[in-house]
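S.K.: Protein chains in written order, with UniProt numbering: chain A, 1 to 340; chain B, 1 to 340.
Since the hints were derived computationally from the structure, they do not count as laboratory data. Just so it is clear, CB atoms sit at the ideal spot from N, CA and C, and this is done for glycine as well. Among the clues, some could well be false.
Unchecked claim - Using C-beta positions, here's what the derived DEER-type ranges look like: (1) B/Pro63 - A/Ile170: 31 to 41 angstroms; (2) B/Pro260 - A/Arg19: 20 to 30 angstroms; (3) B/Pro63 - A/Leu96: 30 to 40 angstroms; (4) B/Lys146 - A/Asn215: 36 to 46 angstroms.
Claimed, not checked - Here are some of the chain B residues that sit facing chain A, going by a computed Cβ distance under 8 angstroms: (5) Glu59; (6) Pro85; (7) Gly225; (8) Val266; (9) Leu267; (10) Leu271; (11) Ile273; (12) Gln274; (13) Asp280.
There are 2 protein chains.
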Amino acid sequence: MATERQVWRLRRRPVGEIRDGDLTFEREALPDLAEGQFLLKILYISLDPTNRIWMSDAEGYMPPVGLGEPMRALVAGRVVASRKPGVAEGEIYSGLGVFADAMITDGQGLNRLDLPKGLSLATAFGALGMVGPTAYFGLLDIGRPKAGETLVVSAASGGVGQVVGQIGKIKGCRVIGIAGGPEKCRYIVDELGFDAAIDYKNEDVGARLDELAPNGIDINFEQVGGEIMQAVVARMSRFGRMPLCGLISGYNDVQPADWPGQWALVLMRRLTIQGFIILDYFDRYPEAIRDLVGWMAEGKLKTRQDVRDGLDRAVEHLNSLYTGGNFGKLLVRVSPDAEG
Amino acid sequence: MATERQVWRLRRRPVGEIRDGDLTFEREALPDLAEGQFLLKILYISLDPTNRIWMSDAEGYMPPVGLGEPMRALVAGRVVASRKPGVAEGEIYSGLGVFADAMITDGQGLNRLDLPKGLSLATAFGALGMVGPTAYFGLLDIGRPKAGETLVVSAASGGVGQVVGQIGKIKGCRVIGIAGGPEKCRYIVDELGFDAAIDYKNEDVGARLDELAPNGIDINFEQVGGEIMQAVVARMSRFGRMPLCGLISGYNDVQPADWPGQWALVLMRRLTIQGFIILDYFDRYPEAIRDLVGWMAEGKLKTRQDVRDGLDRAVEHLNSLYTGGNFGKLLVRVSPDAEG
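So here's chain A without its partners, still in its complex pose (with noise of 0.2 angstroms):
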């Protein structure tokens, strides 16, 4: 049984990009384990756009992570040691965790994930752990899309994109993702089967959307906000819904990101914008499991991990999202043993 770990503690919030200093990496005993509580091993750390919203002291959808506080995230470990009843040594446990490559938990906030036939660890937990899950309900819950419409999806090759885009080409919809550069572009025209890309590093996301989409945009399932958000928007057809999932853009400013709200345009269309947290589905994953764990069976979904090594530089890799560094959903290995 581990009885150090490394671990990443959250010391001064950031004030735009996270900066050296803003978390320190340190090395600590664990205390023996209580009545109720299990050590977990953490195999996986899922980097995603909404950590950055948890360092912030700025209105977010749950506390943030207090100063001095292990940096939360989402985790998939595997039990080393547990005094709690039903909790077995070797399981595999996903949910809530922390930067580190251990924790001690009463397992509030986790799940026993059982790997569905065929998938690695990486792929279930990346995939399904979070992204798959938002994709779907904000998809098919508020985007509600019907066979011939339009949908866009900005962020079109990260983690939650490329699932709305596939689950956009199941239910019909004629979709065109909006992505950073050539590579990502082909990848989810070529490999993910969608109608189109724009490359917004290199192409005016207007002018694009005009011609891709003629006759607007049903569907607009948003990550990014600013001026990719607004060109999409002022493109939206009549009665258009708009899951508003994420407004990576922004995170990092040090001023609350805004613009206007093309309000006029959103009475005059009859659109509907609706934000949603994927914490409000947790009731329904199962839902979401089993379509997404189907159609990957199938063919029909494919997901690709941004694998990184390092515990060490899991702060590095988590700024790279910031930027459209990563393709695919972003991952730590904190263990060479991950998939054993």
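With chain A fixed as given, assemble chain B onto it according to the hints.
M.R.: Positioned in the frame of chain A, the structure of chain B alone reads:
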């Protein structure tokens, strides 16, 4: 049978407030009725915020009124001659018409209005023609009020606002109205039973909302836009709903009205914002009318009409809407025998 009529025609698109010469008031001959047409003597014209939208060639939810055409309005009138089978002299029709004292029509956009027992034509047309159903569907379908929730309605003493607040009370909400001036504020509290009123002309809307809704706002029935809307949205609760019914503060703006979208807040609090136009609910009108008439008969729903005489002053009366000069649903009584 009338062979002449008086009519307002749109001559140029207003820039900002409607000015002399934007519309002209004319006397003109009417042709004979063709087969399938009838002649409606217009008794009431409904003056609505949306009239200004119809004058503009900025994007709207219907095509704008063409230059040289009679100005569009909701009207109620009596059939004085008919060559249309099934339409008889003396019947009352209401629906889409024009700023005039008579019109020849094939009946498109009009429905026969059978006066509910005990209601005057001004009340039935004013309260049930457009504003009642707008309040009904916007609040119930989009706002989804639950007993104990806090509802804020702007333009609260206007045609739609007064009905929204009273339906909110019927559904068990705590209702805060925003209106201009102490008389309107007293009216919505003392006469209509709102829980509280905020006088936006004399009070700090945000500060008063903090006092009156310390636990947040669950539903914002939005009709105004601009700073008032921002103040309300900033205080909305998690999972709050915002039926977006109108943006009257900007209808006279030369530049399209716009202000920050408060998007981070929409996301973090999982707000739902939905633009709607009552025309979309036309098929469901009977449902609204049945409930509204029932509530009126039970004394739970009062409506106030602001009836002005003089078709020749219709445009002047309309302008008063945009400065809050009306008190209740604004109507022009075109003919002195309107109730006859």
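S.K.: Taking the hints in turn, state whether each one holds.
M.R.: Now for the hints, and whether the structure bears them out:
1. B/Pro63 - A/Ile170: 31 to 41 angstroms: At 37 angstroms between Cβs, range holds.
2. B/Pro260 - A/Arg19: 20 to 30 angstroms: holds (28 angstroms)
3. B/Pro63 - A/Leu96: 30 to 40 angstroms: About 53 angstroms separates the Cβ atoms of B/Pro63 and A/Leu96, which means 30 to 40 angstroms is violated.
4. B/Lys146 - A/Asn215: 36 to 46 angstroms: holds (38 angstroms)
5. Glu59: holds (5 angstroms)
6. Pro85: Violated. Min distance 35 angstroms.
7. Gly225: holds (6 angstroms)
8. Val266: holds (4 angstroms)
9. Leu267: holds (4 angstroms)
10. Leu271: Where the cut-off is 8 angstroms and the nearest Cβ of chain A is about 5 angstroms from B/Leu271, the hint holds.
11. Ile273: holds (5 angstroms)
12. Gln274: Given a least distance of 4 angstroms, the restraint on B/Gln274 holds.
13. Asp280: Status holds, d = 7 angstroms.
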